[in-house]
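Novice: Fit chain P to the given chain R structure using the hints.
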Amino acid sequence: DTGVSQDPRHKITKRGQNVTFRCDPISEHNRLYWYRQTLGQGPEFLTYFQNEAQLEKSRLLSDRFSAERPKGSFSTLEIQRTEQGDSAMYLCASSLLGTAHSGANVLTFGAGSRLTVL
Amino acid sequence: KQEVTQIPAALSVPEGENLVLNCSFTDSAIYNLQWFRQDPGKGLTSLLLIQSSQREQTSGRLNASLDKSSGRSTLYIAASQPGDSATYLCAVRRGSSNTGKLIFGQGTTLQVKP
Numbered sequence: 001d002t003g004v005s006q007d008p009r010h011k012i013t014k015r016g017q018n019v020t021f022r023c024d025p026i027s028e029h030n031r032l033y034w035y036r037q038t039l040g041q042g043p044e045f046l047t048y049f050q051n052e053a054q055l056e057k058s059r060l061l062s063d064r065f066s067a068e069r070p071k072g073s074f075s076t077l078e079i080q081r082t083e084q085g086d087s088a089m090y091l092c093a094s095s096l097l098g099t100a101h102s103g104a105n106v107l108t109f110g111a112g113s114r115l116t117v118l
Numbered sequence: 001k002q003e004v005t006q007i008p009a010a011l012s013v014p015e016g017e018n019l020v021l022n023c024s025f026t027d028s029a030i031y032n033l034q035w036f037r038q039d040p041g042k043g044l045t046s047l048l049l050i051q052s053s054q055r056e057q058t059s060g061r062l063n064a065s066l067d068k069s070s071g072r073s074t075l076y077i078a079a080s081q082p083g084d085s086a087t088y089l090c091a092v093r094r095g096s097s098n099t100g101k102l103i104f105g106q107g108t109t110l111q112v113k114p
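Going down the list, the protein sequences come from chains R and P.
Going by our numbering, 16 is the number at position 16 of the first sequence; the sequence numbering is gapless.
Going by our numbering, 19 is the number at position 19 of the second sequence; the sequence numbering is gapless.
So here's chain P without its partners, still in its complex pose:
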């Protein structure tokens, strides 16, 4: 059974700091991994998707890496801003085929203080 864990559950940093969010999964047989952002009371916004054959993806100040063999992904946020404050969720699409089901972690709630 695939399980996804995100540590820490909450993180508070001063503005301008670089930070890393962690995601681990128990079964390395994944099709892809997706990082999302969720603002309070809102739906999820997709940030980055990494295919199982890829090592990393970048979008602006965000960089996501994937190490399938160790069951880990990290989301690196450079030069954090107060607007980055949100909950960040990772999700894996299991298996070797493009099944529909995503399994989510519990999220890391980030607060960036001005």
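So that you can see chain R by itself, here it is in the shape it has in the complex:
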């Protein structure tokens, strides 16, 4: 296993188009997270899954955003009718749910998918 993979690494699109990002987590990890990061800021939480269940969504995730993790493995994040304000780095991370005193719960991040909306 080579870690968390994200695809594509870069996406340039015109305003109004739909885009989809894919994340492949570490295979044994049961939690998967999506974050968004703009220049000079820390990552902002968007949503997370435990297995295939989406357990929490940020208010940042408007109706134009949807995320799925259909079989509890890979996940997709789709943005419909993109706006210039959607330009950001979209980061995916995964972790293994565990007890407070296990080595679990450490998030491993992918390299990110950079979106530019023209």
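One thing to keep in mind: the hints can contain errors.
Unchecked claim - Below, simulated DSSO-like cross-link-like pairs (lysine-lysine); rule was C-alpha separation at most 27 Å, straight line: (1) R:Lys11 to R:Lys71; (2) R:Lys71 to P:Lys101; (3) P:Lys42 to R:Lys14; (4) R:Lys57 to P:Lys113.
In case anyone wonders, no lab produced these hints; they're calculated from the structure.
Specialist: Relative to the frame of chain R, chain P by itself:
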């Protein structure tokens, strides 16, 4: 509402110096705190995770401390090297249970000059 602040926003030091990065959070009810490193244009690499019941964690030249009551954590880097140049982010997992959401600070960008 939990807020995480990192000061300073940027720091420049000569090689070999010991340094401390600061992280503060407004709600002391946290499950754990994690420090990350981010190189320009890249994803985040986990450095250290401190459980709420712990006071510190060490890995090589890095030592992270946690004082929940005062809402502070520090990341100590000993004998800094140019390869340590990066942005350092802290993040807290809120609440008393193992919820998924991490709340990040804005980061401290460190430059170590040879």
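Novice: So, for every hint listed, does it hold in this structure?
Specialist: Status of the hints after comparison with the structure:
no.	hint	in the structure
1	R:Lys11 to R:Lys71	25 Å, holds
2	R:Lys71 to P:Lys101	21 Å, holds
3	P:Lys42 to R:Lys14	24 Å, holds
4	R:Lys57 to P:Lys113	41 Å, violated
Checked against the numbered hints above, the structure violates only hint 4.
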